[in-house]
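Now for the letters of each chain:
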Amino acid sequence: MNAESQIAQAMIVCLSAVFTNNILLTYFLGMCPFLGCSREVKTSLGLGFAVIFVLTFTCMLNWVTYHYILLPLGLEFFRFILFIITIAAFVQFVEMVLDRTSPLLYQKLGIFLPLITVNCAILGASLFMVIRDYSFIVTIGYGLGSGIGWLLAIIAMAGIRQKLANERIPRGLQGPGITLIIAGLMALAFIGFTGVLQGK
Amino acid sequence: MILSIFIAVVIVSSIGAALAGLLVISEYFFANYGKCKITVNDQREITVDGGNSLLSVLVDDKIFIPSACGGRGTCGLCKLKAIEGAGALLPTEEPYLDTEERELNVRLSCQVKVRNDLKIEIPPELFAIREYTCKCVDIVDLTYDIKRFRLELLDAEIDYIPGQYVQLLTPVYQGSDEEVYRAYSIASDPNQKNIIDLIIRLVPNGICTTYCFNYLKVEDQIKINGPYGDFRLSDTDAPIAFIAGGSGMAPVRCILHHMKNTANNRKAIYYFGANKIKELFLVDEMKMFEAQLNDFQFAPVIATPEEEENWSGQRGLVTEAVQQNLKNASQYEAYLCGSPGMIDASIKVLLGLGMSEEKIFYDKFE
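Protein chains in written order, with the numbering used here: chain A, 1 to 200; chain B, 1 to 366.
Derived from the structure by calculation, the hints contain no laboratory data.
In the DSS-like style, the derived pairs of lysine-lysine whose C-alpha atoms are separated by at most 25 angstroms in a straight line are:
| no. | chain 1 | residue 1 | chain 2 | residue 2 |
| --- | --- | --- | --- | --- |
| 1 | B | K327 | B | K359 |
| 2 | A | K108 | B | K81 |
| 3 | B | K364 | B | K223 |
| 4 | A | K42 | A | K108 |
| 5 | B | K81 | A | K42 |
Turn these sequences into a full structure, and let the hints guide you.
Here you go:
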């Protein structure tokens, strides 16, 4: 495949990761911060951008690790462990650098990094990119798209929850109960995107 | 086969080690904040290595801030006031702080990173809780199943509110293969800040009481932590009715000492319930309090004294004595201490005598 068609495919994959194959609402990955940190739009916005950043870069990093270390050595079965290690090290490193070099960026983005190190959406995206045999350029698109999809979902959720904050919700449904129902309804709504795009 | 597994493990481990090494090196360059000084409540200064969360450095220093999520910013329990040096409020904290708290500089200590010198304020009761190493200096038999243990604090003094309790760490011994904590009310004179008296009743098969009765010897070292609890004397002028039997005397004794120390003139009567005369103890000391306090009366009540013992005092259950003798109960404040059964029965009687519920304070020994 030439570079041009690869970029085109990357864009399709990116869009499909945002809507039709939303990592959160279709695969239900990354639920913990999705439920825990979606009380305010502002907070979830920061968290969402952190996820975009980490997803994109760890996908790239793990693509390189997989294709240049694990495959040549015949150690593909170790990818779970190695991906986790790479992600954790990367996140830790970025947090440290941000903290020291840019207080503003650290406050907007850095503080969320430790919260999403062990987010399964991050590892999930890296594993999907291996299963689906994406090229490097397509992987960038996929990581970016997954992150944007996650951001979209958590902002929508936070918006709904903020609206609901002053509503009278039956006592048994308050808190996690109504949140899970909202998540389910949102997932149903996102199914409506199926078929719009034929990305892999 | 074996060789390939071996090689695979070595390769993966070395990749992990390389990344860890990279992190250690970068931590040295980037996350090295040097020594930072934390001033707590203007009283104590702690010097720590910068770079960690405030919560974790405080815990390392044995200042225990409550936290349920382990520092991930999802429970909102680890609040404290950061007066200086904590930087701007972080988005991760915002959902847990209301406007009033924000104005008071309340922060989540798990999200605040120690980068420079800090000045913080934590609730005094959290600040005061710590571990003390003590030496047992005296063991006295009070009755056939109650002893008084006097502990001398070796490394520090303890400040507590009379009525509070400490937890005693029972070490591993023949009767128990794990360390357990048990709570006992402080019975000593609060003016003696390096002495803790505990009045302990032997519980059959109790891990801690068996240890104290059969294994703990004078000169032994033992660890306690505290103080805890909100059982305490109110600062009104209402007359007081103490109701406590057995080892429930411990906090009452402490409060009586405190009343003596502070020349508190409140009228007080102490109903002490027991089954037999042999279960009475520290009567001399109570007589002493009667003499030294302005208006204090010790009223022991014996349920079933032996015929030949000639008990001239009140007979029956402690609740019956209260029912008959406590006049104008609605003006009194009641302080109850002891078994849940006794306390529940007493509360019933006191409410029946017209005492309002908010004037009844109790410490259930469960």
